[in-house]
Amino acid sequence: MSRFGSTTMWKKLYAWLDERLGLNDLYKATLDRPEPRGNWWNTLGSASLFLFLLQGATGIFLTVYYTPSPDHAYDSITYIMNGVAFGWLIRGIHHWGSSLMVLIVFIHMLRVFVTASYKYPRELTWLIGVGLLLLTMGMGFTGYLLPWNQKAYWATTVGTAIAGSVPVVGEFIMKVLRGSSDLSALTLSRFFSAHIWMLPAALAGLIGVHLYLIIKHGESEFPGRDD
Amino acid sequence: MAGSHHGSAVGYHHISRRDFIKLTTVALGSLMGAVIGLPAIGYLVDPALKAGGKEAWIPLGPLEKFEVGKPTPVTFIRSKVNGWEKTANSYGVFVLRKSDAPTDVMVLSNRCTHLSCRVNWKEEQQAYLCPCHDAAFDINGAVLGGPPPRPLDKYAGENLKVEDGVVHIFFAEG
Ligand code: HEM
Ligand code: FES
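Respectively, the protein sequence lines represent chains A and B.
Under the numbering used here, the residue at position 35 of the first sequence is numbered 35, and the numbers go up by one with no gaps.
Throughout, the numbering used here is defined as the position within the second sequence, counted from one, plus 227.
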């Protein structure tokens with residue numbers, strides 16, 4: 001009966017933790033909440049969340065070898081691809097995951113639009129979602145420069161020049177983005193900082209509020225014939 | 228679970244739907260964990276697995292250059308590729324000719340056997356002194372005092388040769 005004995009011990013331990021952490025309530029609110037009759041399109045928000053976590057994990061691993069300096073960025077990426085065990089896999093997931101994440105987040109937004117789920121009381125969920133889409137695209141934009149190859153260099157030259165075409169303040173915005181009048185070491189390091197610290201922190205915060213609102217309001221019903 | 232124990236003849240072969248799901252989840256979960264986790268560990272420890280150094284015969288200079296009875300410092304530089312970067316490391320040894328005989332040569336590493344500071348030969352004290360924790364070694368590298376656990380590393384036998392009047396050591400990068 002030792003097995004029985006140990007199960008009650010675990011149950012006691014769990015009950016002790018639950019009383020203090022509210023694990024059961026947490027579980028009910030996040031994973032066991034009542035849903036309207038679902039649809040595969042409703043899984044895209046969770047898919048976006050999964051991709052965000054995946055990009056975070058693979059990105060952290062890339063920083064083990066990646067070096068954000070014009071002298072070493074390209075060489076360090078070449079080394080990740082050819083020199084490190086499974087480097088190709090980790091970079092590959094991060095590289096393709098970034099495009100997939102933009103795509104999935106976008107389709108998630110389309111489904112919210114099509115099912116009119118942005119209406120009362122979910123206007124703020126939608127607004128925060130707009131922030132999430134912009135931040136996700138910001139991640140793509142800043143990450144694209146990091147390999148510091150020709151494509152990256154010219155894409156960023158063009159991308160920042162677009163900001164420069166804004167009347168009056170454009171020139172200033174462009175210099176802030178680049179950290180200098182042309183692309184330089186300053187551009188690379190500030191893009192790196194934005195890519196691994198500022199944008200992910202903002203994304204994580206907004207995702208938290210987004211999820212809080214989803215739990216608070218529950219999922220919207222699909223519009224019926226009368227809506 | 229109602230109905231999960233019908234057909235009692237095969238009762239102990241029977242596995243409930245719930246247990247089956249649990250088992251499959253654990254099995255698939257472990258498999259996925261391994262597929263993700265092992266490459267991740269490999270990626271992190273990879274440089275340590277590849278840290279095999281190069282070996283080479285290093286010429287230290289012609290015999291005439293070394294005064295008999297007095298340890299002479301010689302430094303040499305070896306370059307090493309670490310990842311995407313080439314680093315030049317400087318190494319030092321002391322060459323001592325104990326007599327005029329061309330084979331009577333001793334070469335000691337200048338690396339303290341305590342924690343790798345570089346030792347210096349002090350003629351007045353006739354000792355190698357380490358600036359870090361006051362170790363002292365005699366002219367043959369034996370420990371005279373201080374924390375080092377063993378004598379200075381010696382190039383001798385197969386790792387030392389005098390060819391065409393030039394002293395060489397066989398150096399293996401750490
Ligand atoms: C990083 C990006 C995003 C993440 C991680 C995320 C996550 C989620 C999750 C997990 C859900 C609940 C499941 C679902 O309905 O799919 C959800 C719902 C929702 N999302 Fe997002 N989302 C993101 C971007 C967006 C964007 C770009 C918009 C719109 C501009 C948006 C607006 C909404 C709205 C209004 C809901 C509520 C839908 C309903 O109640 O039916 N989200 N989001
Ligand atoms: S390193 Fe030489 S005495 Fe400690």
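For the record, the hints were derived by calculation from the structure and aren't laboratory data.
Among these hints, one or two may not hold up.
Calculated Cβ distances over 12 Å to all of chain B for the following chain A residues [what the hints assert, rightly or not]:
| hint | residue |
| --- | --- |
| 1 | Asn-24 |
| 2 | Ala-73 |
| 3 | Leu-134 |
Some chain B residues near chain A, calculated using beta-carbon distances under 7 Å [stated by the list, open to error]:
| hint | residue |
| --- | --- |
| 4 | Pro-266 |
| 5 | Asp-273 |
| 6 | Gly-310 |
We put the beta carbon where it would ideally sit given N, CA and C, even for glycine.
Quick rundown of the hints versus the structure:
1. Asn-24: About 19 Å separates A:Asn-24 from the closest Cβ of chain B, which puts it past 12 Å; holds.
2. Ala-73: Violated: least Cβ distance 10 Å, not greater than 12 Å.
3. Leu-134: holds, 30 Å
4. Pro-266: holds, 4 Å
5. Asp-273: holds, 4 Å
6. Gly-310: holds, 5 Å
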